[in-house]
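Chemist: I would like the entire structure built from these sequences, with the hints used as guidance.
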Amino acid sequence: MSDQAQLLPGTLDLLILRAVSLSPLHGYGILLRIGQISGNALLIEQGALYPGLFRLVRQGLLKASWGTSENNRRAKFYELTAAGRKRLREETESWNRLAAAIATALAPQPEEA
Amino acid sequence: MKLLSSLRLAIAALFPTLFRRAQLNAEVDEELLAHIQLRADDLEKTGLSRKEAERRARIEFGGREKYRQEIHQASGGNFLETFAQDVRYSLRVLRKSPGFTLAGVFTLALAIGANSVVFSITNALVLRPLDVPHPESLYELQHGNEADGSRSYLDYLDLRERNRSFDDLIAWGVAQAGWSDTGEEPTHQWAEEGSGNYFDALHLQPYLGRFFHAADEHGPNSAPYVVLNYSFWQNHFQGDRNVIGRTVQINKHPFSIIGVAPPGFHGTLLFFNPDIFVPLVDQEQVEGVSTLNVRSVRSVFMVMGHLKPGVTLSQAVSDLNAIGSYLEKTYPKDEGKMTFDLARPSLYGDYLGRPTKAFLAGLMLLTALILLAACANLGSLFAARAADRAREVALRLALGSSRRRIVRGLFTEAVMISLAGGTLGLTGSVLLLRSLSAWQPFPRWPIHLSVNPDATVYAVALILTLASGLLFGAVPIGQILRTNPYEVVKSGSIARAGRRVGLRDVLLVVQIAICAVLVTSSLVAVRGLARSLHSDFGFDVNNVILADTDLSMAAYKSDAIPAMQKRMIQALQAIPGVETVGLIDAPPLGDGENGSNVFTDATVDLRPSNAIADPFLFKVTPEYFQAAGTPLRSGRPFTWHDDKNSPPVALVNQEFARKLFGSETEAIGAYFKLPDGTRIQIVGIVENGKYASLNEHPQPAMYLPILQSPSSQTYLVVHSKREPQQLISAMRTTLHTLDAGLPVGIQTRYSLLDALLFGPRMATIALGVMGLMGAMLSITGIFGMAAYSVSRRLRELGIRMALGAQRKEVLQAALGRPLRLLAVGSAAGLILGILASRVLALIVYQATPRDPLVLAGVVIAMALLGLLATWIPAQRALLVNPLILLREE
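Chains L and F supply the protein sequences, listed in that same order.
So in this note's numbering, spot 71 of the first sequence is number 1113, and the numbers just go up one at a time.
So in this note's numbering, spot 198 of the second sequence is number 203, and the numbers just go up one at a time.
One or more of the hints may lead you astray.
What the hints assert, rightly or not - Chain F stretches covered by chain L per the calculated footprint, using a threshold of three residues with CB under 8 Å from any CB of chain L:
hint, segment
1, 40 to 49
2, 64 to 76
What the hints assert, rightly or not - Here are the simulated DMTMM-like cross-link-like pairs (lysine to aspartate or glutamate), alpha carbons at most 25 Å apart as the crow flies:
hint, chain 1, residue 1, chain 2, residue 2
3, F, Lys334, F, Asp619
4, F, Lys313, F, Glu289
5, F, Lys56, L, Glu1121
6, L, Lys1118, F, Glu75
7, L, Lys1118, F, Glu32
It is worth saying that the hints were derived from the structure and are not from the lab.
C-beta: ideal position from N, C-alpha, C; glycine also.
Modeler: Right, here's the structure in full:
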């Protein structure tokens, strides 16, 4: 548990979009999927997921509809809209650029060695 | 500008998506619970008990309430919750200052109440269309050169046959008839006499039975049918459906009841409520005389009809004018210039329509001013309060509240006060309007006027309420937005003493000016009415009782009429205490005066355009002048020998003599001619009087002996110093023993003036109420300002007193400013009021603001108001105890 990383502000939305980009999921499912694709490396408080979900729905990036879970419980399923897919692409690119830049900046420089 | 933008801000904050919230709440709950269940399912698989699994799942999930709030925020703010919080908070705040709240609610209740009453009356009289099918195309034919629509029946027939603009034209008149349905003594009832096509052309369907139709008319007295007004049917026959077919007596002529008009229809005059509808061709039976075949007598009250589709007003008018000039040419002896105008029939065209509209427009303006003054008043109260609450606001800002939220809270307070005030005001006005609708201002006239509010009125009241709430709520916004928490918390209060002229000062001056306008107007109106009651009518209003009847109602004819009139005079003369009894066919300033063209003795061609004057014509007995108190200036009075066998004579008034002969002395003994060619000698001159209205200029009038020109219309004028009620009942018994079948109305001379004085009286009452409201508003306004000023400067005053200031200086420091503002506002209001009073002069007789009494009255009234309003604050300032005050800090 203790080796889980705190989320950077703003990254939860990106993770949610990524998680539902593979298939429609309910909230708990999104949480499991994020754990699965991140190798359980990230610490996310369960309830904190939902304000993000509602925000994304309001922005038109996600679409929500009620359905039945694999163990027969009524749950709300989320899937990407076209706008959501586009946003995921853009955010992924910009994240990668940022991550690369930070990684480059943090990499040991020759003069340090 | 700042005010406007903050207003926009507040409206935007108040009304986003309102009603999705409850549904969303339920959904969120379900979704969060589903999450916990799903998590619990997984935990259960690891071997935990269900109970333990659910507990763990809830703990892992975190604070559900917190997330729910965040979700609301994320999906567009949580309007309802914050709104409810705002309302709760405002209620708490308002409850803590009940004086302020009550003052606000009461002020606004007055203003909104006044506005809804006036608007409701305007709505009923002017805005709401007549309750008949297709009211929009119904027009009355009015004379082009006067606000009157009466014309002769023969002209009506020509207009009906020759016009190409109307679907059909209706003629109708009004008459009072003796009505008896079970053989008991007859009663006065009001009849609307309509042309045969009356109901058909109005597209009405009977409630019961049938209407009369054009096909029922076959010459004079050929259609003895009567249609009952719905309310008359209800009141008189208790809604008995078997009345159809029953025979009743109208003026002792048999008529059969054929139908009942639909409920809500009471003719096309808004305020008139006739009891029965009869065919106009029966005029002789209903009125006792027939003028239907005389082209020079305007026996039809109104001609109206629906315009054909596609015909414009100007097309119709030129069509009618063409017929008019044809009639002028064809009947030069009977017709003067004949032009037309079209008007709405509901207020008798422009005759009542124009003054009514002018009056109501003026009234609406004044009530709008009252509302504005109330808003100014509340605005300055709110601003003062906001200043006092600066510390609270600063604290809330420092603790992280947004300015937007604080502003919204203030608006909520303002709107809640305005809603409470509006509700109270509207309730009061509904009650008032209800009693106004049931009011019968003139006992003799069947007045019916529903001014009850409808949906439009409620909507307008609501809009006014919300608008004024937002308006006065917006006043302190700038103050709040400028608040700097650090400064306030540091210094204890906003130090802004000795500031230049501020928003509050301007508001107070505006408000006082408006109130002074109202006070001025009301004083002008009251003075005008008082004067018009004491002006010279040309007859005595005191000690005179009138008994009016029409002998045709009991079927008296030709020679029986003067004989009966003489018997009535003698019988009344015999009552103890009666001094003189005179008789006149229709008294001046009564229900309607007759007139006739007159010609100089030399005129041969007696066509209307050659007439030298159109004086009022009264037919009287010799004793009339003494009984009525109309002084004879020169010449001789009539005698009972001025009858059919002696040469025709007349008494004329000074104006008649001046107009025809240049002077009174020339007139005595001179001759003039009536339209039928009769030469009449003037034997005496009487004083000028008022004949048709209180504010008319001197008009020519002539009096003819009733024996020479008989009339069945009879007003017995009884002069006596006896107590009126006793005398009236003695007169009633006396006349009843003479002929029990003759309906007689008895009243004092004074009460006959009621109808004429109605307009001025209403104006005076309305303006008086407005003046009172204005006065109350100025008291609360000045009081608020003075009290605030004293409380803000209490510490300073205490220091001054501790340093030895005199009472006078303390008062000056504390109240100088409010009193100066009062003076400025009153002066401005007085000047405006004087200018506005010109408008008043249209309604109120002799309304002139250049009346020292009015001017002095306004100044004294405003000064008294100022004194009254500053009394309590002044006491408070004087009772300041510097020791206690300084210790407190």
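Chemist: For every hint, state whether the structure bears it out.
Modeler: Results for each hint:
1. 40 to 49: With 5 residues in contact (Cβ-Cβ under 8 Å with chain L), the coverage given for the segment 40 to 49 of chain F holds.
2. 64 to 76: Since 9 is at least three, the answer is holds.
3. F:Lys334 x F:Asp619: Holds, at roughly 21 Å.
4. F:Lys313 x F:Glu289: Violated. F:Lys313 to F:Glu289 sits at ~33 Å, over the 25 Å cutoff.
5. F:Lys56 x L:Glu1121: Distance of about 32 Å is beyond 25 Å: violated.
6. L:Lys1118 x F:Glu75: Holds, at about 18 Å.
7. L:Lys1118 x F:Glu32: holds (9 Å)
In terms of the numbered hints stated before, the structure departs from hints 4 and 5, listed from lowest to highest.
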